[in-house]
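Participant: Residue numbers (the working numbering), protein chains in the order written: chain D, 1 to 223; chain F, 1 to 253; chain W, 1 to 419.
The set of hints was computed from the structure by calculation and includes no laboratory data.
Be careful, since some hints might not be right.
Quick list of the computed label-pair ranges, beta carbon to beta carbon [unchecked claim]:
hint : chain 1 : residue 1 : chain 2 : residue 2 : range
1    : F       : T234      : D       : E37       : 45 to 53 Å
2    : F       : G71       : D       : H65       : 50 to 58 Å
3    : F       : E231      : D       : Q76       : 13 to 21 Å
4    : D       : R30       : F       : E231      : 44 to 52 Å
Heads up, incomplete: computed chain W residues facing chain F, CB under 8 Å, no partners named [unchecked claim]:
hint : residue
5    : A39
6    : P231
7    : K232
8    : S302
9    : F303
10   : E305
11   : G306
12   : L310
13   : G311
14   : A312
15   : S313
16   : Q316
17   : H321
18   : V325
Even for Gly, the Cβ is constructed at its ideal location relative to N, Cα and C.
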Amino acid sequence: METPHIVKKFDKNLDKIKSVILEMGALVARQLEDASEVLFAYDKKEVRRITELDLMINGFHKDVHSRAEILIVRRQPMAFDLRATLAPIEVARELERVGDYAKTMAAFAETFDESPPASEHIALINEMSAAVLVMLGDVLQAYLTGDIELAANVRAQDLSVDILNDKIRDSATKMAGDSTHDAKACIYVILVAQKLERVGDHITNVSRYINQVYTGDDLKRSL
Amino acid sequence: MLDPIISARGVNVFYGDSQALFDIELDVLPNKVTALIGPSGCGKSTFLRSINRMNDLIPVCRFEGELTLSGQDIYDKSVDVVALRAQVGMVFQKPNPFPKSIFENVAYGLRIHKMCTAKSELQDRVEWSLKSAGLWEEVSHRLDEPGNSLSGGQQQRLCIARAIAVQPKVVLMDEPCSALDPIATAVIEDLIDSLRKDYTIIIVTHSMQQAARISQRTAFFHLGKLVEFGETKTIFTTPKDERTQNYITGRIG
Amino acid sequence: MIDFGKNAGFDLKGRHRAEARFQWMGKIAIAISLFFLAAMVFTIARDASGIIKQTQIQLQLDLTDATGIAQNNKHPSYGKAVKAALRAQFPKVKKRKDKKRLYGFASPEAGFEIARMIDESPEILGRITKVWVTASDGLDLYLRGKVDMDLPERQRRVSDAERDWIATLQEQGHLRRVFNWGFLTNGDSREPEVAGILSALVGTAYSLAVCFAFAFPVGIGAAIYLEEFAPKSRLSDLIEVNINNLAAVPSIVFGLLGLSMFLGVFGMPRSSPLVGGLVLALMTLPTMIIAARAALRSVPPSFKEGALALGASPVQAVFHHVFPVAMPGMLTGSIVGMAQALGETAPLLMIGMVAFIVDIPTSILEPATALPVQIFLWADSPERAFTEKTAAAIIVLLVFLVSMNLIAILLRRKLETRF
Numbered sequence: 001m002e003t004p005h006i007v008k009k010f011d012k013n014l015d016k017i018k019s020v021i022l023e024m025g026a027l028v029a030r031q032l033e034d035a036s037e038v039l040f041a042y043d044k045k046e047v048r049r050i051t052e053l054d055l056m057i058n059g060f061h062k063d064v065h066s067r068a069e070i071l072i073v074r075r076q077p078m079a080f081d082l083r084a085t086l087a088p089i090e091v092a093r094e095l096e097r098v099g100d101y102a103k104t105m106a107a108f109a110e111t112f113d114e115s116p117p118a119s120e121h122i123a124l125i126n127e128m129s130a131a132v133l134v135m136l137g138d139v140l141q142a143y144l145t146g147d148i149e150l151a152a153n154v155r156a157q158d159l160s161v162d163i164l165n166d167k168i169r170d171s172a173t174k175m176a177g178d179s180t181h182d183a184k185a186c187i188y189v190i191l192v193a194q195k196l197e198r199v200g201d202h203i204t205n206v207s208r209y210i211n212q213v214y215t216g217d218d219l220k221r222s223l
Numbered sequence: 001m002l003d004p005i006i007s008a009r010g011v012n013v014f015y016g017d018s019q020a021l022f023d024i025e026l027d028v029l030p031n032k033v034t035a036l037i038g039p040s041g042c043g044k045s046t047f048l049r050s051i052n053r054m055n056d057l058i059p060v061c062r063f064e065g066e067l068t069l070s071g072q073d074i075y076d077k078s079v080d081v082v083a084l085r086a087q088v089g090m091v092f093q094k095p096n097p098f099p100k101s102i103f104e105n106v107a108y109g110l111r112i113h114k115m116c117t118a119k120s121e122l123q124d125r126v127e128w129s130l131k132s133a134g135l136w137e138e139v140s141h142r143l144d145e146p147g148n149s150l151s152g153g154q155q156q157r158l159c160i161a162r163a164i165a166v167q168p169k170v171v172l173m174d175e176p177c178s179a180l181d182p183i184a185t186a187v188i189e190d191l192i193d194s195l196r197k198d199y200t201i202i203i204v205t206h207s208m209q210q211a212a213r214i215s216q217r218t219a220f221f222h223l224g225k226l227v228e229f230g231e232t233k234t235i236f237t238t239p240k241d242e243r244t245q246n247y248i249t250g251r252i253g
Numbered sequence: 001m002i003d004f005g006k007n008a009g010f011d012l013k014g015r016h017r018a019e020a021r022f023q024w025m026g027k028i029a030i031a032i033s034l035f036f037l038a039a040m041v042f043t044i045a046r047d048a049s050g051i052i053k054q055t056q057i058q059l060q061l062d063l064t065d066a067t068g069i070a071q072n073n074k075h076p077s078y079g080k081a082v083k084a085a086l087r088a089q090f091p092k093v094k095k096r097k098d099k100k101r102l103y104g105f106a107s108p109e110a111g112f113e114i115a116r117m118i119d120e121s122p123e124i125l126g127r128i129t130k131v132w133v134t135a136s137d138g139l140d141l142y143l144r145g146k147v148d149m150d151l152p153e154r155q156r157r158v159s160d161a162e163r164d165w166i167a168t169l170q171e172q173g174h175l176r177r178v179f180n181w182g183f184l185t186n187g188d189s190r191e192p193e194v195a196g197i198l199s200a201l202v203g204t205a206y207s208l209a210v211c212f213a214f215a216f217p218v219g220i221g222a223a224i225y226l227e228e229f230a231p232k233s234r235l236s237d238l239i240e241v242n243i244n245n246l247a248a249v250p251s252i253v254f255g256l257l258g259l260s261m262f263l264g265v266f267g268m269p270r271s272s273p274l275v276g277g278l279v280l281a282l283m284t285l286p287t288m289i290i291a292a293r294a295a296l297r298s299v300p301p302s303f304k305e306g307a308l309a310l311g312a313s314p315v316q317a318v319f320h321h322v323f324p325v326a327m328p329g330m331l332t333g334s335i336v337g338m339a340q341a342l343g344e345t346a347p348l349l350m351i352g353m354v355a356f357i358v359d360i361p362t363s364i365l366e367p368a369t370a371l372p373v374q375i376f377l378w379a380d381s382p383e384r385a386f387t388e389k390t391a392a393a394i395i396v397l398l399v400f401l402v403s404m405n406l407i408a409i410l411l412r413r414k415l416e417t418r419f
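Let's have the full structure, built from the sequences with the hints guiding it.
Facilitator: In structure tokens, the structure reads:
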């Protein structure tokens, strides 16, 4: 919305929520990046740090929720404003989930240290986490600028993440089946890929909320 | 889809040389609450007052176009304004009970239209009207007291009772709650919702929340034009026109 | 802490002084006007106090051979009997000139008073009775000490001989002072001691009744039409301006109009309250219309709107809702207008209500006079005693005026609706 609100405070409050989301997004992105780095280079301290970041992310989630709540109480926003107020609550929840997956992923590092996965799997997982990180970066950019095309692009990227996931699952299942590699490592590779795929889904959800804020259409498929 | 009870086709209204309404096309559906919203001077009250021809009282006011009530052109030469107003009741912004008793306030319309011949019939109708307006419990024991001894919200309900006593088809309300406190407003809003099953209600309001709460359909007027008209839910969540969006979200449009 | 006592550059002292100064000026202005009002009331009351009581003289009346007078005359007078009685009281008085002075003790009206007594109780005819009759104004003035006895005898109204006779009468108890009912119950007279206000009062009442009966409906009707129904056009503007101008036209002009219209064209009876009332009505009409329109305008338009929205016709809306609410205001306006008319003299002079009217009018067609005119006439009279009558008449006029205003206030209180 280019037109400023008559109540300047309202625009200010809305912007504040937005900046909290972006800050949270940046933190989650860092966490995810660090988690994928530590995944195949186990460092106990680092894993602990990443796990503890989760508390901070939860704090952000709470902050966004209470800001949105008070804004609704004070201004009773309508139409775009209402969606722009409600969306951050959803977005924050999605980001929080992303953070949770990053935390879980980091915890897998110890297992991979004991039973290292196949090198091609490492490459695929790295490719996948890079793709997910690009998606996260893009969706935050789209959220900042209100760029619904970029948001649509993020949803398109999710397809390649899904393909990578399928690829890893098939390959790891096969390796574990014909015992060409340590079965435990293979199972954990599948789990990591699954987490990253979920992260992709959550980012996709965020991009849907961005679209909904600006167009009013809910893209989630339903009956 | 229901047949509209009121339909406006190419309605233009002028005050002297200045035009207040431009080519309004609008269908009001029966037994629904239709809210007219828009900034001050947008023509929503002018449109409302065109429906019971209260604008006729303003000498410089001129009407063009077609406005039908149940298929009959209300600006036709053969239409008697008095008969029209018996069909289209009106409630004003400021509660304006007559300086008479509560009973006489409600009975007035019945008396002038000679709708009740027997005294008992008149009493029954007054009681029925007050009950419909949700006021009976509060005033049944003091019908002889002056109407203006009531509180603001009660006065407004008395005015609603007065309007529905003659059983009109349509009740027009011109910002009926703007002079009332939130509790009285809530009572009136609840009343409007319950009156919907017997009457068609058209309400002008400045409170968008109120329009969103009580109406099924909302029309947004801006600078004398009907910008957007549709389901209230749509207007307040996903309006199509940017002017509507700007107005309802509180942005200068 | 803020020091509120400190002068913080606001010139507080100066402002307080200015306020005190203004209040004092206001109080002084009120005091001055109150002083003049009090002075007026005091002088009038002092002048009028003399007529509260009136002197009567007792006569030993010999009516043994007066039967014939009553039978032969339409308006019999017993002046001779009065004179005889006075002579009998002072048998020593022999000189013609002295006798004449002696006769002057009793009012010239005493003969008629006796006639009225006989009418009431005919049994006193043919007998010798003691009666009280009104004394002359000269005697009355002397008894109240209004005659300066220090002057040389020739310049005095009361000679030494008269003084002695009065002293004798007082000793014998033949003089008394009683409450002066006559002032309120008599008509006008050439003799100040019997002149009363009633004919003027009745004339005024009749005139005002006619004025109200004519001006109120016409004025209210005109006001309602102009305010509620007349289309706003150049013509209605012109009418409005003219009504406002008419309210400022000098009253004597209305008198001239009445003279030429009612007397000249319509040939209505001269000097009658009918014509007087109509002239006053013409005069008050513009005031009434203006007041009524103001009253109508002060009714909130929401009543009319509410009625119209219910389907009332414009006439119903106005007469059911606007008119009743405006009624008290219109009534007060009218009464104030009539109070103005009450004090008018000039237009009444023009249509002949200035005549000397002794009889109390019984209908609006009979000649009559009015209070202000009566005051004007008495103030013009040479007799000293009429000064007091003038003051008393002013009091009657003021009482009339105050009671009319009181009625206006009461009506307003009673009829006013709060909204």
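Participant: Which hint numbers does the structure go against, in order from smallest to largest?
Facilitator: 5
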